[in-house]
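**Student:** Chains as they are written, first to last, in the UniProt record's numbering: chain A, 1 to 245; chain B, 1 to 245.
Hints may be right or wrong, so weigh each one.
Copies of the same chain are indistinguishable here, so a pair counts whether it falls within one copy or spans any two.
With a cut-off of at most 20 Å between alpha-carbon atoms, the simulated SDA-like pairs for lysine to any residue come out as follows [as the list claims (entries may be wrong)]:
1) LYS96 / THR227
2) LYS52 / GLY201
3) LYS52 / GLU23
4) LYS96 / LEU179
5) LYS96 / ILE10
6) LYS209 / LEU221
7) LYS52 / THR69
8) LYS96 / GLU228
9) LYS96 / SER128
10) LYS96 / ALA137
11) LYS46 / SER73
12) LYS46 / ALA22
13) LYS96 / ARG223
14) LYS46 / ARG165
Treat the hints as calculated values from the structure; they're not laboratory data.
Number of protein chains: 2
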Amino acid sequence: MKTLEIPPGIAPAVILVEPQLAENIGMTARAMANFGLSELRLVNPKNGWPKKGVREAASGATHVLDAATIYASVPEAIADLNCVLATTARERGQMKRVLAPDEAMAQVVARTGQRVGVMFGRERVGLSNDEVSLADAIVTFPVSPDFPSLNLAQSVLLVAYEWRRASGRATIPFSGEMLSPPATREALISLFGSLEAALDGAGFYPPEKREIIARNMRDMLHRMAMTEQDVRTVRGALRALTRAR
Amino acid sequence: MKTLEIPPGIAPAVILVEPQLAENIGMTARAMANFGLSELRLVNPKNGWPKKGVREAASGATHVLDAATIYASVPEAIADLNCVLATTARERGQMKRVLAPDEAMAQVVARTGQRVGVMFGRERVGLSNDEVSLADAIVTFPVSPDFPSLNLAQSVLLVAYEWRRASGRATIPFSGEMLSPPATREALISLFGSLEAALDGAGFYPPEKREIIARNMRDMLHRMAMTEQDVRTVRGALRALTRAR
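Next comes chain A alone, as it looks inside the complex:
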């Protein structure tokens, strides 16, 4: 396997407690891989492991599944960690810090050299209060009160996304860099001249409004932030229209 962008031991481990659906585990692996997480721990996956269909749902993120480790209990799954966060959708009356995913991941990233894990509960009932009590802090999501129930892999995605952002790695893969430099003002002013002359020739302007319309069109053209190539294209189009007439 090729070297991972982010070697194991840097990003937080994702701990799924008694997950049931192969699809959710597969989608979790995919969501982790999307943002560079690779360490998946499963506590007592329902109906055994590996599960039928899990690789299909991972859609290629099989390196995460292949490296997944299985534990019989939460204490075993978190034993080697220095900090554990528990995701929950509802208030537990536990006197523990409650963090949004962005705040939580900022704190995780600040723990340089420490191993952190984020626990996610069962599809229907989440984590037990006892399991939550083993965590340093709670993570919850800023969901709509109308429909607060996040899918398991969706919550993992948000944590993974925020970890990537907090760790300073969230650069987008390409930018809208222009393939041609911005047009020089000389080229642009010359285009204005050609356009206005063509429109004069075509009888477009009511004489009393010529100046204001011409200025409005210059404003429109400025908003396009034209490149050199754009000016050439528009010049060519204008020439073709003038010739046709």
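Starting from the structure of chain A, add chain B where the hints point.
**Tutor:** Below, chain B without anything else, positioned relative to chain A:
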């Protein structure tokens, strides 16, 4: 149906172009509802509409599916909008602004009173270059170069999450507010006294190290940021231990 937290027309419309899998459409509806989006537009869903299994995948977000509108083409689906964003995973060589989801949603929120839509392409091949050319700007995600392929509903989730954040509605549903006020310093100092007396009585301290160990334990107890209730609990536990001895 009860009134929505965010009435239609405020959050961006989600436009899925030729989506194929019922599960992705259902999960999209759920992801939208999680963050308060409700307007789903489908362009030519593959194999017709409604799809078998879509309601199950929406896991209760049926109000989004029931209100979904179907279009034969992208121009029809975006006709009434004032601004359209296209999500793409790869560079298209189009000279268009490229935004991360947080930047994009900040710009969407700034367009008060305007209707905005975000287009998402087909599961395998995304949007065509022609479809992208109908958008005002491109949105792309800060994914790992190792595994950049986001699931359709997962990309919708990230856009919905960032819209909610940008719109100032991303408050978490509960906080870690303490159920008991922080202990007074008098209660805490009295606890230090009881603990140190009990440990003196138990012969815990090597005499030459008593002061430094006592100070270290006070530091540990301070880090707990104890509430009044916590102090009572620890006092009770200490009393029980002393009595047992």
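**Student:** Could you run down the list of hints and mark each one as holding or not?
**Tutor:** How the hints compare with the structure:
1. LYS96 / THR227: Cα proximity of LYS96 and THR227: across copies only (12 Å, versus 55 Å in one copy).
2. LYS52 / GLY201: neither (73 Å within a copy, 62 Å between copies)
3. LYS52 / GLU23: both (9 Å within a copy, 18 Å between copies)
4. LYS96 / LEU179: between (52 Å within a copy, 10 Å between copies)
5. LYS96 / ILE10: neither (25 Å within a copy, 35 Å between copies)
6. LYS209 / LEU221: Answer is within: at 18 Å inside a copy they meet the 20 Å cutoff, but 79 Å across does not.
7. LYS52 / THR69: The answer is within: 17 Å in one copy meets 20 Å, while 35 Å across copies does not.
8. LYS96 / GLU228: So LYS96 and GLU228 pass the 20 Å test across copies only (15 Å; inside, 59 Å).
9. LYS96 / SER128: within (15 Å within a copy, 49 Å between copies)
10. LYS96 / ALA137: within (6 Å within a copy, 42 Å between copies)
11. LYS46 / SER73: For LYS46 and SER73, the Cα distance is within 20 Å only inside one copy (13 Å; across copies 44 Å).
12. LYS46 / ALA22: For LYS46 and ALA22, the Cα distance is within 20 Å only inside one copy (9 Å; across copies 25 Å).
13. LYS96 / ARG223: The answer is between: 13 Å across copies meets 20 Å, while 52 Å in one copy does not.
14. LYS46 / ARG165: neither (32 Å within a copy, 35 Å between copies)
In the structure shown, a violation is registered for the earlier hints numbered 2, 5 and 14, in ascending order.
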